[in-house]
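Colleague: Sequence:
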Amino acid sequence: MPRFHCPRSAYIALFIIAAAAVSAETNSSGSSSSCLISQYLDSVTGECVNYKNQGEKAGTDYDQAIDSGNTAWMLTASALVMIMTPGVAFFYAGLAGEEMASNTIMMSFVSMAMVTIQFWAFGYSAAFGTHGIFGWAGYNHVGKTPSGTYGTGIPHIVYAFFQTQFAAITPAELSGGIVGRMKFGTYLIFIFLWTSIVYEPLVYWIWSQKLDQTWSITPRGWEGSMGGLDFGGGTVIHVSGGFGALAAALMVG
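At position 6 of the sequence shown the residue is numbered 685 (the working numbering), and the sequence of numbers has no breaks.
FYI, nobody ran anything at the bench for these hints, they're computed from the structure.
Just so you know, nobody snuck in bad clues.
The calculated label-pair distances, taken between Cβ atoms and stated as ranges, are:
{"#": "1", "residue 1": "925", "residue 2": "864", "range": "18 to 24 Å"}
{"#": "2", "residue 1": "822", "residue 2": "906", "range": "30 to 36 Å"}
{"#": "3", "residue 1": "824", "residue 2": "769", "range": "37 to 43 Å"}
{"#": "4", "residue 1": "862", "residue 2": "817", "range": "28 to 34 Å"}
{"#": "5", "residue 1": "822", "residue 2": "777", "range": "43 to 49 Å"}
{"#": "6", "residue 1": "762", "residue 2": "930", "range": "27 to 33 Å"}
{"#": "7", "residue 1": "774", "residue 2": "822", "range": "37 to 43 Å"}
{"#": "8", "residue 1": "864", "residue 2": "814", "range": "29 to 35 Å"}
{"#": "9", "residue 1": "778", "residue 2": "824", "range": "46 to 52 Å"}
{"#": "10", "residue 1": "728", "residue 2": "810", "range": "22 to 28 Å"}
{"#": "11", "residue 1": "770", "residue 2": "729", "range": "51 to 57 Å"}
{"#": "12", "residue 1": "781", "residue 2": "824", "range": "42 to 48 Å"}
Note that the Cβ used here is the ideal one computed from N, Cα and C, for glycine as well.
Produce the entire structure from the sequences given, and follow the hints as far as they go.
Modeller: If you want it as structure tokens, here you go:
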């Protein structure tokens with residue numbers, strides 16, 4: 680059986696092709712790394728181009744590509760936080776006794792509905808927005824594109840949904856301090872005002888972020904700027920809810 684013989688010229692051609700591919704990859708990496716953080720590499724011209732604004736950077740930065748794993752986990756985490764509100768409702772109902780059980784459960788569920796609407800209307804924009812209190816009102820400009828500052832690899836709307844669940848459960852936790860002490864209609868007005876005046880400014884102080892002039896993520900609020908960290912909501916959620924319940928209980932007696 681005759682042996683297959685590869686001409687020497689074929690080896691030379693393969694070597695030249697491989698060398699050209701490595702050289703092109705090296706040049707591409709070098710060009711990309713030479714761009715400033717406020718620029719991106721134009722795939723057509725091969726030149727570094729300035730972003731027109733921070734929103735464009737957030738939408739085109741290759742590090743901001745949607746990651747299905749991160750998105751799935753954030754949706755799962757949001758669902759877990761969501762079911763905490765009914766859990767709080769049943770927990771408080773068990774402590775309140777048979778007479779107040781139904782009212783106590785409704786306080787948590789109505790809090791969930793009320794704050795979800797409030798956060799959609801203007802609360803999320805007030806707490807996290809970059810264009811004033813009503814810049815992101817109604818989740819305006821909050822879509823499937825990553826925000827660039829609030830999590831990489833996940834759609835902005837997923838992060839907004841995640842934060843909405845925390846906003847909803849905080850007044851539900853607070854309701855335990857005023858069971859049987861406040862009329863239901865008064866309670867609705869109270870949680871709307873409390874979320875708007877207390878919770879959202881506190882979120883802004885600690886969790887709100889921005890892109891500074893060097894295109895780096897920096898805190899916007901005064902406490903975050905001083906180095907305050909709150910990864911699990913100990914300050915934003917539990918401290919505000921606890922002291923809110925104490926203040927309400929002292930006021931209504």
